[in-house]
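4 protein chains.
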Amino acid sequence: MIKAGIVGGTGYTGVELLRLLAAHPDVELSVITSRGEKGVQVSQMFPNLRGRVELAFVEPDDAVLKGCDVVFFATPNGTAMKSVPALLEAGVKVIDLAADFRLRDAAEWEAWYGMPHVCPDLLREAVYGLPEVNRELIRSARLAANPGCYPTAVQLGFLPLLEAGIVDSQSLIADVKSGVSGAGRKAEVGILLCEAGDNFKAYNVPAHRHLPEIRQGLTAVVGTPVELVFTPHLVPMIRGIHATLYATLKNSDVDLQALFEQRYASEPFVDVLPEKSHPETRSVRGSNQCRLAVHRPHNGKTVVVLSVIDNLVKGAAGQAVQNMNLMFGLPENAGLEGIALLP
Amino acid sequence: MIKAGIVGGTGYTGVELLRLLAAHPDVELSVITSRGEKGVQVSQMFPNLRGRVELAFVEPDDAVLKGCDVVFFATPNGTAMKSVPALLEAGVKVIDLAADFRLRDAAEWEAWYGMPHVCPDLLREAVYGLPEVNRELIRSARLAANPGCYPTAVQLGFLPLLEAGIVDSQSLIADVKSGVSGAGRKAEVGILLCEAGDNFKAYNVPAHRHLPEIRQGLTAVVGTPVELVFTPHLVPMIRGIHATLYATLKNSDVDLQALFEQRYASEPFVDVLPEKSHPETRSVRGSNQCRLAVHRPHNGKTVVVLSVIDNLVKGAAGQAVQNMNLMFGLPENAGLEGIALLP
Amino acid sequence: MIKAGIVGGTGYTGVELLRLLAAHPDVELSVITSRGEKGVQVSQMFPNLRGRVELAFVEPDDAVLKGCDVVFFATPNGTAMKSVPALLEAGVKVIDLAADFRLRDAAEWEAWYGMPHVCPDLLREAVYGLPEVNRELIRSARLAANPGCYPTAVQLGFLPLLEAGIVDSQSLIADVKSGVSGAGRKAEVGILLCEAGDNFKAYNVPAHRHLPEIRQGLTAVVGTPVELVFTPHLVPMIRGIHATLYATLKNSDVDLQALFEQRYASEPFVDVLPEKSHPETRSVRGSNQCRLAVHRPHNGKTVVVLSVIDNLVKGAAGQAVQNMNLMFGLPENAGLEGIALLP
Amino acid sequence: MIKAGIVGGTGYTGVELLRLLAAHPDVELSVITSRGEKGVQVSQMFPNLRGRVELAFVEPDDAVLKGCDVVFFATPNGTAMKSVPALLEAGVKVIDLAADFRLRDAAEWEAWYGMPHVCPDLLREAVYGLPEVNRELIRSARLAANPGCYPTAVQLGFLPLLEAGIVDSQSLIADVKSGVSGAGRKAEVGILLCEAGDNFKAYNVPAHRHLPEIRQGLTAVVGTPVELVFTPHLVPMIRGIHATLYATLKNSDVDLQALFEQRYASEPFVDVLPEKSHPETRSVRGSNQCRLAVHRPHNGKTVVVLSVIDNLVKGAAGQAVQNMNLMFGLPENAGLEGIALLP
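For the protein sequence lines, the chains are A, B, C and D, in the order given. Just so you know, we're using my numbering here: the first sequence kicks off at 306 and counts up by one. Just so you know, we're using my numbering here: the second sequence kicks off at 306 and counts up by one. Just so you know, we're using my numbering here: the third sequence kicks off at 306 and counts up by one. Just so you know, we're using my numbering here: the fourth sequence kicks off at 306 and counts up by one.
Okay, chain A solo, but in the shape it has when bound (with noise of 0.2 Å):
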């Protein structure tokens, strides 16, 4: 059995986490940390987990972790750099859920996140985690940037036209929606049921710190600068993402349906619906899954990508165990076969 730790678990990456990792047959929880909620038992919190996780968070402690095989870091932006060193030389494996390790340039990370990087090496060590562009350099990584929400669906939606080069790269538009717990499990006024309930809104359309992120991702892929706006909105609903991308075709004669199913024909955690589908966010809720569709209206020049994905589960805490499972050498699906709750 892998020996787990989740530092910070109290948010929602982090019950969805301990949920995935409470069904996982090869998977021991060991400790579970929350400076703030020392003591409490964990099912009290989350109710949910009553009669299936016994354990308290206690108060985050490096010597306790360095005794698990990997740990997870559930935390805010900027507090696991601060000890994934430490983890790494006792040879502890470390899934980052946060962003601390996803971008490659430190200066970049730093202008973006507000904050000196304290161990900028490891950007160039850390693998990030998408495993349907990664799947080896993970399997044999340390440490594993799990993806943002937004760029899990935003790449996988992206990723066969440009790879195989069929869309000009400098005008590509990301429209995204997320549900709310994307926001976190945070006290804070405009995520009430009051506010975000019965209510549809953009935000940060000036900025978001997803961009650089999808940017980084797409850019390798090209091997030149890519070009995105990206416009998140907040969805009235509790989970999910949905993803409406738009490219432009530099030839018009390409069989997208069949580009997408071949891209993805093996991959265990991305399904290509039939022509004409509107994959819906419900399709995934739970499950590790990104669900795909590929338009092509009126057979003009612009390609719309539809995809859905569970933000809590492919977009965190799912993409997270795939990872752990590739790190260990387990069946990529080992406790991700929960099949989505609908209705």
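Hints in this document: simulated from the structure, not taken from any laboratory. Don't take each hint at face value.
If several chains are the same, the list does not tell them apart, and a pair holds so long as it fits within one copy or across any two.
Using 30 Å as the maximum straight-line C-alpha spacing, the simulated BS3-like pairs for lysine-lysine come out as follows [said to hold, decoys possible]:
1. K343 x K581
2. K491 x K581
3. K491 x K343
4. K491 x K371
Fit chains B, C and D to the known structure of chain A by using the hints.
Quick look at chains B, C and D alone, frame taken from chain A:
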């Protein structure tokens, strides 16, 4: 492997049964019927099942169903009773998720359901499938009448009080609230998002078909007829039932918390919360648990019991699988270990 | 024009009061205070008011408030009592939407609200602002204690029964359900969309501050202390309260429908629905109506009353305007004619 | 008083029209027709109208309608065109809230709506009722074609850019999101709370009937045919449309904020928010406002316009009343001063 058939799998209890059975370690999904959707892939109607259920709907056909070990009816009331006698004769076990076999008195059934019962003799044989009451009878049953969703939540809440004889059985009140999936997957105006959303109302206050079912169950416990006021409400959410139960104590010297904990100590799917708790429906979303809390406000004469279930799981498909497990000698929790999805 | 001031207008009762007063034909909004938002345009915080309310929040200042004809307090409990004596002395009429003047007994108030009352003498003078009970007293009041949201819905439902003396006053049950806006506009985890959405639960079953307020009001009607069990629940919707009320008939020979219709025949804001009706909260969304239905299931001994209001209107800001209208000799429905928004 | 008739008032645009007209100072509701609900009190179907609308539905009857000054059609597409010629001949003004008169080209109309047009000559006479474009024509119109909900939000957002000629008219993208009431009050499975709730999806990406309407309107502004990709999505909320619009700047030297503010400076129902704003649909819930914000992310070549309306008000019934006000020489905002309901 147990060969399972589902009759009428296009509703919410149908898709939930498919979700549970597709992941059940001892079951092979054999056949699923729907007159209206003949030929349609199940996963086309319910995309959460893509890659997990390869069946297509077929025309109902007794010959095919007779090849199953167990047949589940997820049909409108009045449908199962037409096929059940022949299936039983052929040695098939049957679990009816509708109401055809829930009442033991044929006249009462006919009065509430407005049609003649075609096999009233089977009403005596059918076992009411509430394992917390009838576990041993279910083990040897050929025909299980799966309880209604409200009756499950209400009976589990009242049972300890009535079994102990400490409350007046003539002034019971069940104020119950259900998510909209309890109304089924039907094209009806009243359950549109724009009608049932951001809204709350009672319905069927003059009379609801679950009243005689609850009364029958509680009367069996007490030994004499109980009096119950039953008030259902519609909650703008998808899954979940919350029963708020009121009973008048006959004497004041009783440890209610201990009573409830002892009654359900060995029950795998009933969880008594600590004193002063308030169970939330989301704590059981997608799981087969019933969570209970018992209160005595201001130490007065009224006991208030709070009982939550997922109406589609413990209130329907999950309980049906629990009954199947019992009827086939499997571990009672086989295929029912999924943790509730929260948030 | 009546010059109106609002103290503490950053919550939901504040913005609702602004919406109603901005459209009131006889009122001029004079001043609105908020310590925390000093200098901020009201319409920046509440964009629905853009173009309709030009005020900015100012620091609370008794001198400015004394220039008003009426001051509304939409503040946390314990705030109004500090300023009210001076305002009354200056000849300003006061309507408190918080709880400071709702209970007549200072000791009881202090026990439930956990602080000393600074002007207990005013508790006797304050008029409880439920026009359906105290209309004449309100007309001549200097200080109106605006009722709580639950107490409004519950009292209006029980009043006809208790005034007529036909039910047992020692076994009343109020099972009440509220939209989340009843909890206010506060940065608290429990009322996030991801916590309160797609979920249902009871809360504060052991004790809720609206219990003594209801008990006081009903006791005044009956003449001797009533016994009431009061169970609040949180509904995943924004506005609306639904009270489901249970009482035991002392004799069975009574025309409940006629009783209710006669009691409220001349009330502008209480609407008794026809027999067998189920009022919906959305039918009063944004309006000052209370809609009632009375049932006697199976012609038994229990009366079930269903009572709905919009907690922010008839349960708060609308009733406050109704009280103001009475206190200033205006038509009772001035500014309160808005039709509920449905869907 | 203007005598107004409504044909087909049982849907959401019908009840919204009733809400607005019942409170309109210059209108007398004369007649409302519905074949299916003949004899039913309007307020029985829509209880928010109890005490405010005393009419019952009557059988459609041209003789009765000819006694009106204005008749609104809130009917399915293809219904109004059958009655309009006779009504116009009788001197009645007509406002059609459906699509019968929105397209000027009969062949295009027939291709998109799948039926022959019975009075194609009237397509030339009908005035497209978008006051921000056609105010003077509407004043003298006999027949107004009330715009679709999406077309209203999209055109108001693109107009300033296209009129100024500063964006490429061949690569417009409209990514639009609608609350479920846009689908109408129909018994359809896809818009049940349990299907559309807690879910997000695109629909009709290959083709949507509002595309030709938008294209016609924008082409009229530009003078040459525009190219537009139009992607509609369904949001789990009741009311509201949010259009996210993308256009490519032809040159970079333009003050977008000033452009938008000047264009709409004197419009009573278009509100341009300050720079860097994100309009919320709830800020217009129940009101006739359109709120706009214009962005240019990272000072790049793409303009992003955010446009919100209430689909039932500015996107349907409110705009119809605005058109009526213009056609009858009333103040344009008569009966349309209601403030949006927030929260």
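These are the hints, each one checked on the structure:
1. K343 x K581: between (51 Å within a copy, 22 Å between copies)
2. K491 x K581: Between copies only: 24 Å across, 38 Å inside.
3. K491 x K343: Answer is both; intra-copy 18 Å and inter-copy 25 Å each pass.
4. K491 x K371: within (29 Å within a copy, 40 Å between copies)
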